[in-house]
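Visitor: Got chain V; can you put chain P on it based on the hints?
For the protein sequence lines, the chains are V and P, in the order given.
With the numbering used here applied, the first sequence corresponds to residues 6 to 210, in that order.
With the numbering used here applied, the second sequence corresponds to residues 6 to 210, in that order.
Since the hints were derived computationally from the structure, they do not count as laboratory data.
Note that the structure is predicted; figures quoted are calculated from it, not measured.
For each residue, glycine too, the CB sits at the ideal point set by N, CA and C.
One should not assume that every hint holds.
[Stated by the list, open to error] Simulated restraints, written as ranges between beta carbons of each label pair:
hint, chain 1, residue 1, chain 2, residue 2, range
1, V, K140, P, E174, 21 to 29 Å
2, P, D98, V, T168, 43 to 51 Å
3, P, E144, V, T168, 47 to 55 Å
Number of protein chains: 2
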Amino acid sequence: MSNRIITISREFGSGGRTIGKEVAAKLGIHCYDSELIEKIAQESGLAKEFIAEKGEYASHGGWLANAFSYGSSYNGTSVQDYLWKIQREIILDLAEKESCVIVGRCADYILRDHDNCLKVFIHAAADKRAERIVKIYGETMAAPEKRLQDKDKKRKAYYHFYTNMEWGEIQNYHITLDSGVLGIDKCVDIITDLYQMRDDSRCRR
Amino acid sequence: MSNRIITISREFGSGGRTIGKEVAAKLGIHCYDSELIEKIAQESGLAKEFIAEKGEYASHGGWLANAFSYGSSYNGTSVQDYLWKIQREIILDLAEKESCVIVGRCADYILRDHDNCLKVFIHAAADKRAERIVKIYGETMAAPEKRLQDKDKKRKAYYHFYTNMEWGEIQNYHITLDSGVLGIDKCVDIITDLYQMRDDSRCRR
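So that you can see chain V by itself, here it is in the shape it has in the complex (with noise of 0.2 Å):
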């Protein structure tokens, strides 16, 4: 049987990345963000070109996650295609290795015709993410409900223009939380252990 994944999209400020690093550590597997992605894109060789060209701007602040603010090409690519491209070389890669959590970086959808595949989505109201943002994230700012909007609106926009579906529609998921009603740690415990049921999952669109 293939490795089993799960997938985790969320709304910024939901607790997505917790739950996904509490879940890994759970069934002692590997979480993957965007971070960590990132750091394998580097050490690869992928994108050693790309970073030697772009320099400071490639490695401010999250080169990868902030692909839409390269305006210009790369070797005759878009700079965000190309990056596109080297994350889901990367997820493909990964799927194929080993059983483990990947946070965000559509792999919902890079990872569709993956036969071992929970793909989970985590939201929670807006002023239960604004008071995570401020009191855990460390975000201090006038307006977090305007920063929420603009994160999610930003992830739909990258997401819709990769894959031509729509982030957070309830048909792309096998199971969906609020993680502000639930709380994190059951989140955690209904992920876990629906993995741990699953013998004969899909991840099939």
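Guide: Then chain P, alone, in the frame of chain V:
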């Protein structure tokens, strides 16, 4: 503490009603679907006058469910508004009297201020649902997938008309489950476990 309620909203053919009944049976509580709610309405006298007036139309094929088929008014109120009010009262009353499962009927919206309500949405891929409505519901037709779309379109329109919200939008539910991938039994287990886990449940929007 208030009675504990589960509301189940579902795509047509996803087994939502079956899941509701099995969850209720496991938990030793009642499950109220549109059939039962109509029966209550008839027995309660709330709709006696209406049925007496509408006669054959009222008793044909689930009059509550077919609210939009009645174009005329009743006692100065449109028929569908009248039926909406009846069903709303019944649902509020049920939640007041007992812990239970309620399938459909915009119950998630009607009970939005209830402080102990788990809101669930069940869905499945169109091919799974088409298979189900033919095999299990005994529907025989040339285009089951068209039937699915029509039923869900009506549900969506009905929901939006009375709630001003979007039926099937992730943020409206505490948990959503793909019954076609997870299977009916797993959905029942997940919901039952969650219901039993919840000490401090909220049903807020």
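Visitor: A separate judgement is required for each hint: does it hold in the structure or not?
Guide: Now the hints, each set against the structure:
Evaluation of the 21 to 29 Å hint for K140/V and E174/P yields a pass: the beta carbon distance comes to about 27 Å. Take D98/P and T168/V: their Cβ atoms lie about 45 Å apart, and the range 43 to 51 Å holds. The given range of 47 to 55 Å is broken by E144/P and T168/V, whose C-beta atoms sit roughly 33 Å from each other.
The structure fails hint 3 only (numbered hints given earlier).
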